[in-house]
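**Q** So the chains spell out like this:
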Amino acid sequence: MDPILTKHVREPNAFTLDFYVQHEGYAALRTALTKKPDDIIELVKASGLRGRGGAGFPTGMKWQFVDKKAAPRYIACNADESEPGTFKDHLLMERNPHLLIEGCAIGCYAIGAAVAYIYIRGEFLHVQRILEQAIADAYAKGFLGKNILGSGFDCDVFLHRGAGAYEAGEETALLESLEGKRAQPRNKPPFPAVVGLYGKPTAVNNVETLCNVPLIVARGAEWFAGLGPEKNGGPKLYCVSGHVKRPGVYEASMSVTLRELIQDRAGGVRDGRTLKAVIPGGSSVPILMPEQLDTQASFDAIQKAGSLLGSAAIIVLDDTTCMVWLAENLLHFYRHESCGKCTPCREGTDWLHKILQRIERGEGQMRDLDLLSSISANIAGKTLCAFGDAAVTPVLTTLKYFRHEYEAHIKEGRCTLPAAWRARQPVGAH
Amino acid sequence: MSFHPKMAYDATFHKSARLVGDEGAPFSYTPENRARLDEIVKRYPADRRRSAVLPALYLVQAQQGYVTPSAMRHVAEALDMTAADVEDVVSYYTMFYTKPAGRFVLNVCRTLSCALNGAERVTEEICAKLAIAPGQTDPSGTFTLVEVECLGACDRAPVVMVNDAWHENLQPEQVGTWLEDLRTRGESAVTGCHHVVEAKGR
Numbered sequence: 001m002d003p004i005l006t007k008h009v010r011e012p013n014a015f016t017l018d019f020y021v022q023h024e025g026y027a028a029l030r031t032a033l034t035k036k037p038d039d040i041i042e043l044v045k046a047s048g049l050r051g052r053g054g055a056g057f058p059t060g061m062k063w064q065f066v067d068k069k070a071a072p073r074y075i076a077c078n079a080d081e082s083e084p085g086t087f088k089d090h091l092l093m094e095r096n097p098h099l100l101i102e103g104c105a106i107g108c109y110a111i112g113a114a115v116a117y118i119y120i121r122g123e124f125l126h127v128q129r130i131l132e133q134a135i136a137d138a139y140a141k142g143f144l145g146k147n148i149l150g151s152g153f154d155c156d157v158f159l160h161r162g163a164g165a166y167e168a169g170e171e172t173a174l175l176e177s178l179e180g181k182r183a184q185p186r187n188k189p190p191f192p193a194v195v196g197l198y199g200k201p202t203a204v205n206n207v208e209t210l211c212n213v214p215l216i217v218a219r220g221a222e223w224f225a226g227l228g229p230e231k232n233g234g235p236k237l238y239c240v241s242g243h244v245k246r247p248g249v250y251e252a253s254m255s256v257t258l259r260e261l262i263q264d265r266a267g268g269v270r271d272g273r274t275l276k277a278v279i280p281g282g283s284s285v286p287i288l289m290p291e292q293l294d295t296q297a298s299f300d301a302i303q304k305a306g307s308l309l310g311s312a313a314i315i316v317l318d319d320t321t322c323m324v325w326l327a328e329n330l331l332h333f334y335r336h337e338s339c340g341k342c343t344p345c346r347e348g349t350d351w352l353h354k355i356l357q358r359i360e361r362g363e364g365q366m367r368d369l370d371l372l373s374s375i376s377a378n379i380a381g382k383t384l385c386a387f388g389d390a391a392v393t394p395v396l397t398t399l400k401y402f403r404h405e406y407e408a409h410i411k412e413g414r415c416t417l418p419a420a421w422r423a424r425q426p427v428g429a430h
Numbered sequence: 001m002s003f004h005p006k007m008a009y010d011a012t013f014h015k016s017a018r019l020v021g022d023e024g025a026p027f028s029y030t031p032e033n034r035a036r037l038d039e040i041v042k043r044y045p046a047d048r049r050r051s052a053v054l055p056a057l058y059l060v061q062a063q064q065g066y067v068t069p070s071a072m073r074h075v076a077e078a079l080d081m082t083a084a085d086v087e088d089v090v091s092y093y094t095m096f097y098t099k100p101a102g103r104f105v106l107n108v109c110r111t112l113s114c115a116l117n118g119a120e121r122v123t124e125e126i127c128a129k130l131a132i133a134p135g136q137t138d139p140s141g142t143f144t145l146v147e148v149e150c151l152g153a154c155d156r157a158p159v160v161m162v163n164d165a166w167h168e169n170l171q172p173e174q175v176g177t178w179l180e181d182l183r184t185r186g187e188s189a190v191t192g193c194h195h196v197v198e199a200k201g202r
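These protein sequence lines map, in sequence, to chains A and B. Each residue of the first sequence is one higher than the last, beginning at 1 in this note's numbering. Each residue of the second sequence is one higher than the last, beginning at 1 in this note's numbering.
Think of the hints as simulated: they come from the structure by calculation, not from any bench. Please read these numbers as outputs of a predicted model, since none were measured by experiment. Quick reminder that beta carbons are idealized off the backbone N, C-alpha and C, glycines included. Heads up, none of these hints are tricks.
Footprint (simulated), chain B over chain A, 3 or more residues, beta carbon under 8 angstroms: (1) 82 to 89; (2) 242 to 249; (3) 325 to 333.
Produce the entire structure from the sequences given, and follow the hints as far as they go.
**A** So, in structure tokens, the structure goes:
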């Protein structure tokens, strides 16, 4: 499949309004405004577009659930992109910002919202500046604001800059943060589609999801569904990082296999090393083993293989990676990012990290392994949001496949991988 | 009179020796920043001024470098919130500083993809070169070192965010000259985001 979302990202002026309009930009918005809002929702439903943020929930359904009786309604675009290993929305917003703006405008028209807030993570200041300019240009040319393209439809798009919180990427925590509070999740139900921002119906959509909407309007639901396997249609961005020769964002249909992405697109494992494991969807999903590389990188196939596509952040690990160290690294992340609202997660991630540190230092005991499992069991499923399940995944998945490494750490009192591997020279990207 | 047999929960108790943070110098926005905030507040419904608290705090930080209790009070008044609500927000988000930071805040990403590419060694080198630990500022007040979680630039690991700008692919052995570069050339010493750099180069 030829790139669609990222077709022009290497062109110097790809981010400008002129370039975008010359390449049929905002034509989909024009088309959308001639249809009925419900027809747009039906079209998106027929395309089978699934949310690109991680859960893979059908976007058309999400829009249909938005309570059309209450007003005002909102779109909150999730541009928090903080799942470790994910950097696709960053590329889209920086190099193709008008596609997102067009997606926001069409989304607002479909659900009858007058405002879309793009919640962008605080660390993306350079991206924010580009988006701000793009939004200002879109207003100036009448693609946003009052009476868009003479249709009588009004729509505002505002940027909202976060300030460093992974949890703000959770949909209800994002809404809390937009309301000027700590980014902590709300109890669900009610879902944001019914009670969202300021208590009003809100659709929370990922950047890449909204970027696909103009494509569906312009080229049709059948075309979209026809790209890739059944129920996994459309172009998809994959973020490949870790021990590969060419880390980067790669666009493909979801018929692509993990092997093609890692070997062909990203150049394979570097330094002539061998592959040890792959995390296919960001740090919150279970690892897959080398023999599962021929799995299709689609929502359904990866789930069938025992993991999740998540945010399509493929982290490649070679044989120098110590799995206890990996779990310790990721639990440091989850301990730091736990929002503190639910006790099992707030306290549990701290204990998991402490025990992993103890094992890393060589002071672990065999019973610590049972302790890790038991703490994990007391976090997963016992928190308001999915963070709890995500946080225990690195522990459970490494224990499942690499228990022998934990045992070796405990028996030997140190990491059994050669010390030189950990101190290895890092290699540049290209 | 106290209701507790041993502890004097009476009129004097609220004046006890509990530590109260230094208020800092009296703070108010410059007219330009105040105007900017008034502009930002318009993005939200009229009765939801509080939504602008993050931008309001960024403006404080741009004006005086860090957020003092006095500034929190000022923000609270500007946005119809309580000072406690503002402190709640400041203490939650990692990008607000409550004490002075160095001229360059070096935010080294330490999460998996960067760590797989030697971020630990970058941090070690910075610590050694500046004789500070993560979380500290060097004696000259030029550099503050912070270890942060995933910055979202995993394809150019290890990544360091210098104030608000990115430096990509920082190798441990480059750290010494890089720090000198920052000292002399300021933020022009950082690489910036490769998407922009590569596109411009064509």
